[in-house]
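**Q** Okay, here's what each chain looks like letter by letter:
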Amino acid sequence: MAYILQTHHLTKTIGGRDLVRDVNLHVKEGEIYGFLGPNGAGKTTVMRLITNLWKPTSGTIELFGERLTPKSCQVLGRIGSIIEFPPFYEQLSGFENLKLHCEYMGYYRQGCIEETLKLLDLAAAGKKPVKSYSLGMKERLGIARAILCRPELVILDEPTNGLDPAGMRQIRELLRSLCARYGTTILISSHILSEIESIADTIGIINGGTMQKEISMNEIEHTSLAYVEVTAANPQRAAWVLSEKLGLSNFRLTEGSCFRIYDDSISVQELSRALALNDVEVTALGRKNETLEDYFLKITAEVNGHAEAD
Amino acid sequence: MLKLIKLEWKKNNTKRYLLKALVLAVLLCLFILALAYLGIANDPDTGVPDAAPGNGTISAPIELFTGMCYLIYTSSMLSAFIISSYRNRTMELMFSYPIRRQKILVSQMLAVWIFSFTALVLTKLLLYGAVLAGSLARQSAFPLDYSMDSPHFYIQLILKSAVTVSMSFIALFIGLRRKSAKAALITSFLLILLTQANVGDITLAGSAVFPLLLAAISLVFAVLSVCRAETRDLL
Numbered sequence: 233m234a235y236i237l238q239t240h241h242l243t244k245t246i247g248g249r250d251l252v253r254d255v256n257l258h259v260k261e262g263e264i265y266g267f268l269g270p271n272g273a274g275k276t277t278v279m280r281l282i283t284n285l286w287k288p289t290s291g292t293i294e295l296f297g298e299r300l301t302p303k304s305c306q307v308l309g310r311i312g313s314i315i316e317f318p319p320f321y322e323q324l325s326g327f328e329n330l331k332l333h334c335e336y337m338g339y340y341r342q343g344c345i346e347e348t349l350k351l352l353d354l355a356a357a358g359k360k361p362v363k364s365y366s367l368g369m370k371e372r373l374g375i376a377r378a379i380l381c382r383p384e385l386v387i388l389d390e391p392t393n394g395l396d397p398a399g400m401r402q403i404r405e406l407l408r409s410l411c412a413r414y415g416t417t418i419l420i421s422s423h424i425l426s427e428i429e430s431i432a433d434t435i436g437i438i439n440g441g442t443m444q445k446e447i448s449m450n451e452i453e454h455t456s457l458a459y460v461e462v463t464a465a466n467p468q469r470a471a472w473v474l475s476e477k478l479g480l481s482n483f484r485l486t487e488g489s490c491f492r493i494y495d496d497s498i499s500v501q502e503l504s505r506a507l508a509l510n511d512v513e514v515t516a517l518g519r520k521n522e523t524l525e526d527y528f529l530k531i532t533a534e535v536n537g538h539a540e541a542d
Numbered sequence: 138m139l140k141l142i143k144l145e146w147k148k149n150n151t152k153r154y155l156l157k158a159l160v161l162a163v164l165l166c167l168f169i170l171a172l173a174y175l176g177i178a179n180d181p182d183t184g185v186p187d188a189a190p191g192n193g194t195i196s197a198p199i200e201l202f203t204g205m206c207y208l209i210y211t212s213s214m215l216s217a218f219i220i221s222s223y224r225n226r227t228m229e230l231m232f233s234y235p236i237r238r239q240k241i242l243v244s245q246m247l248a249v250w251i252f253s254f255t256a257l258v259l260t261k262l263l264l265y266g267a268v269l270a271g272s273l274a275r276q277s278a279f280p281l282d283y284s285m286d287s288p289h290f291y292i293q294l295i296l297k298s299a300v301t302v303s304m305s306f307i308a309l310f311i312g313l314r315r316k317s318a319k320a321a322l323i324t325s326f327l328l329i330l331l332t333q334a335n336v337g338d339i340t341l342a343g344s345a346v347f348p349l350l351l352a353a354i355s356l357v358f359a360v361l362s363v364c365r366a367e368t369r370d371l372l
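Protein chains in written order, with this note's numbering: chain R, 233 to 542; chain Y, 138 to 372.
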């Protein structure tokens, strides 16, 4: 499948500080790409660079197969975006704001504004001035604007800020249907990992301004994320049994005396027997599946660990 | 470009500025009529207008007060249209459209310039016309030094109005550099001092070269405000 968006060694330096460094991002056509990272990791910076609001210090961005230059602007007509909180002309109504957007984008499909307002549950509020909207309504109006002209690529930076759980679910369903019905590609960042987990096809993890991992959700589900969790009274002895007696290496001590064993060659029964035979008291034992949140924490913790070691 | 200008007027609630311009025109008209026919600027002892040398005719206060008011008016409009867009992040939205940034900025500047220039020309015509109409009934305290029959009068009026409105681009440049509407307004006040004030008998208000120089400087500042927009980060 072709990549609709790629960055190559993307770096942005402001005031001598690298906000992002050497970021290589690959978004396939028609997929939902979840862009994850802790606060201040560089997600918004990358999105600002992709939408050409900021210009890269070095590295390149390729959109729809063409290299983005500092003066590129026509390509922006194929993108809908929300970067941070969406700005509006507050004295104008939601409808008027969307109408202005259509005028600037040169998009004149009959009835598209009413249809989009209805889709985001804003049909009744459409005639009211935006200054009277709640935070959640403004966020939904921002999403309405981003998808209004049926862009090929939608870039959403933390789009569910200010939404209640029902609103979040509605947006998730909307994004899925956009992807399925129109083949829209979506790049979405969020700090709510469970939200990304349920809709993303691929995730990219950024931390400290550098891209840590790009992996498809299928890959996550089928490879390293099933594990056995053991809580032992004597963690040192348990670690010795795991490595020396059972010859395991793909395990780690998470918190206190809890081990996660990612090696799928060993069953729970074998593990239980080996620990008991070597006088390790086991207080809890079971097979679990790692969530995206666990995976994310593992990746970012590894990076932080390396950084501290350096 | 015309479409972009119309959209600027639409989204910035230009009706509000139209109302302000009307109120300003009426107030200026009443003030100038009071100067001419109620003698509010006359010296109580001599009964003749207490005006600075070279400002003894009616066109001097008309040009002075309309120039002052419209320089501030235009600067405040430029602040609302452009500087505020950076502050409230709607410029970020504008720069996400498939339109060149320079074109967007030029359309915003032209939207203000055309509106202010038209308002200023009409205000001046109203003032000169009102004073002329009043002179049919009463003697003006300030002698009338213009003829509304002459094409020269209209050419002068248009050129002076264009220079006054264009000067606000200097204020815009300073305001954009400081990302501050206040800085733009303070600059416009300083420009009024520079162009209209007297120091003893010395003033630049009557100079023929000075307006041309100011127009050229304003144009340079207008170009400086937009020239690097394409390649600069929107911070």
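Accuracy of the hints is not assured; some may be wrong.
Cβ pair distances, simulated, as ranges [said to hold, decoys possible]: (1) Y/SER221 with R/ALA398: 44 to 52 Å; (2) R/LEU529 with Y/SER221: 41 to 49 Å; (3) Y/PHE326 with R/GLY343: 32 to 40 Å; (4) Y/MET138 with R/LYS331: 15 to 23 Å; (5) R/LYS359 with Y/ARG224: 26 to 34 Å; (6) Y/LEU164 with R/PRO361: 23 to 31 Å; (7) Y/SER221 with R/LYS359: 23 to 31 Å; (8) Y/LEU361 with R/ARG413: 41 to 49 Å; (9) Y/SER221 with R/ALA412: 39 to 47 Å; (10) R/LYS331 with Y/GLN239: 33 to 41 Å; (11) R/LYS363 with Y/ILE295: 33 to 41 Å; (12) R/GLY343 with Y/LEU139: 22 to 30 Å.
In silico lysine to aspartate or glutamate, EDC-like type, Cα no more than 20 Å apart, as pairs [claimed, not checked]: (13) R/LYS370 with Y/ASP286; (14) R/LYS287 with R/ASP254; (15) R/LYS363 with Y/GLU229.
In case anyone wonders, no lab produced these hints; they're calculated from the structure. It should be emphasised that the depicted structure is a prediction, and the values quoted were computed from it without experimental measurement. No residue lacks a Cβ here, since even glycine has one placed at the ideal position from N, Cα and C.
**Q** State for each hint whether it applies.
**A** Structure-based check of all given hints:
A beta carbon spacing of about 35 Å between Y/SER221 and R/ALA398 contradicts the range 44 to 52 Å that was offered as a hint. The hinted window of 41 to 49 Å between R/LEU529 and Y/SER221 holds, with their beta carbons roughly 42 Å apart. At roughly 50 Å, the beta carbons of Y/PHE326 and R/GLY343 sit outside the given window of 32 to 40 Å. Hint check: Y/MET138 to R/LYS331, Cβ distance near 20 Å, so the stated range 15 to 23 Å holds.
Checked against the given bound of 26 to 34 Å, the beta carbons of R/LYS359 and Y/ARG224, roughly 27 Å apart, stay inside it. Range check, Y/LEU164 to R/PRO361: about 30 Å between beta-carbon atoms, so the 23 to 31 Å window is met. Take Y/SER221 and R/LYS359: their Cβ atoms lie about 25 Å apart, and the range 23 to 31 Å holds. Hint check: Y/LEU361 to R/ARG413, Cβ distance near 48 Å, so the stated range 41 to 49 Å holds.
Separated by about 41 Å at the C-beta atoms, Y/SER221 and R/ALA412 satisfy the suggested range of 39 to 47 Å. Checked against the given bound of 33 to 41 Å, the beta carbons of R/LYS331 and Y/GLN239, roughly 25 Å apart, lie outside it. Taken as a hint, the range 33 to 41 Å holds for the pair R/LYS363 and Y/ILE295, whose Cβ atoms sit roughly 39 Å apart. In this structure the supplied range 22 to 30 Å holds for R/GLY343 paired with Y/LEU139, their Cβ-Cβ distance being about 27 Å.
Under the criterion of a C-alpha separation no larger than 20 Å, the hint pairing R/LYS370 with Y/ASP286 is inconsistent with the structure, at around 57 Å. The suggested pairing of R/LYS287 with R/ASP254 holds, with an alpha-carbon distance near 14 Å, which does not exceed 20 Å. The hinted pair formed by R/LYS363 and Y/GLU229 meets the criterion: a straight-line CA distance of about 19 Å does not exceed 20 Å.
Consistency with the previously given hints fails for numbers 1, 3, 10 and 13, ordered from lowest to highest.
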